[in-house]
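Visitor: The numbering of the sequence shown is the numbering used here, which starts it at 1 and goes up by one.
Keep in mind that the hints are not guaranteed to be accurate.
[What the hints assert, rightly or not] Pairwise CB distance ranges, derived in the manner of DEER restraints:
| # | residue 1 | residue 2 | range |
| --- | --- | --- | --- |
| 1 | 56 | 5 | 25 to 31 Å |
| 2 | 70 | 46 | 26 to 32 Å |
| 3 | 60 | 10 | 17 to 23 Å |
| 4 | 108 | 57 | 28 to 34 Å |
What the hints contain is simulated information worked out from the structure, not anything from laboratory work.
Keep in mind it's a predicted model, so treat the numbers as computed, not measured.
We put the CB at the ideal spot given by N, CA and C, even for glycine.
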Amino acid sequence: MTPDPIANSAAILVGIIFLLTGIAKILEPWKFTEHLEKLALLKPESILPIALSFTGIECGLGVALILGIEIKAIAPATILILLGLSILTYWSTSTGRTQDCGCYNGWLNVTPTQSLVLK
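Could you put the whole structure together from the sequences, leaning on the hints where they help?
Guide: Printed below as a string of structure tokens:
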């Protein structure tokens, strides 16, 4: 953890969100794979391995942020992932491929605009 309580709180909050969204994808993986299929960016045979890998990374980053493990390395990676997912959400919803970001696996329904603000 850093000496800054605001930075620590932010890291923990983002970590909790990452962990919860990862758990949602673990509990109902077919929803996430269906979302990836709608994007039509991946070969069908690569969707499940990529979905599982992404879910593992998402949970791992969440745990690391919550526990304050290697924050200086984890924070930039997390920001890059959030930036990439924001771009993907904007593209997929503006082209009509999906109606949501797929972030919360259907557990929390947010509009694309809300999703971009949350990221």
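Visitor: For each hint, tell me whether it holds in the structure or not.
Guide: Each hint tested on the structure:
{"no.": "1", "hint": "56 x 5: 25 to 31 Å", "result": "holds, 30 Å"}
{"no.": "2", "hint": "70 x 46: 26 to 32 Å", "result": "holds, 29 Å"}
{"no.": "3", "hint": "60 x 10: 17 to 23 Å", "result": "holds, 18 Å"}
{"no.": "4", "hint": "108 x 57: 28 to 34 Å", "result": "violated, 20 Å"}
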